[in-house]
Amino acid sequence: EDLAEKNDQLEGLSAKLAKYLSRQVYDSIFEGRTEVRVESYRKKLTVFFSDIQGFTELTDRMEAEPLSQLLNSYLSDMSHIALEYGGTVD
Numbered sequence: 001e002d003l004a005e006k007n008d009q010l011e012g013l014s015a016k017l018a019k020y021l022s023r024q025v026y027d028s029i030f031e032g033r034t035e036v037r038v039e040s041y042r043k044k045l046t047v048f049f050s051d052i053q054g055f056t057e058l059t060d061r062m063e064a065e066p067l068s069q070l071l072n073s074y075l076s077d078m079s080h081i082a083l084e085y086g087g088t089v090d
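Here my numbering is used: the first residue of the sequence shown is 1, the next is one more, and so on.
Since the hints were derived computationally from the structure, they do not count as laboratory data. Treat each hint with caution, since some may be false.
Below, in silico cross-link-like pairs of lysine-lysine (DSS-like), each with a Cα-Cα straight-line distance of 25 Å or less [claimed, not checked]:
(1) 43 to 19
(2) 6 to 16
(3) 6 to 19
Please read these numbers as outputs of a predicted model, since none were measured by experiment.
Modelling step: build the complete structure from the supplied sequences, incorporating the hints.
Structure (structure tokens):
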């Protein structure tokens with residue numbers, strides 16, 4: 001197999017892996033910042049859940065497009081905060 005075929009295979013594998021890894025993990029592996037090892041270990045972590053107060057009632061009153069914009073804005077803000085503190089958004 002020539003180099004072009006190997007590159008195509010690697011790109012295909014990379015695209016498949018991207019579906020199952022967070023962006024931060026994917027980037028750290030493919031930029032060479034993380035050695036890939038299969039192992040298990042305990043880790044302390046925090047899982048964050050949030051709720052928009054009155055969201056169910058809000059969905060009854062708002063049209064789909066402005067509701068989507070509101071939700072996207074909220075999730076974008078929350079994601080930026082998590083990433084700023086080294087979190088992983090998945």
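Evaluated hints:
1. 43 to 19: 23 Å, holds
2. 6 to 16: 15 Å, holds
3. 6 to 19: 21 Å, holds
Checked against the numbered hints given earlier, this structure breaks none of them.
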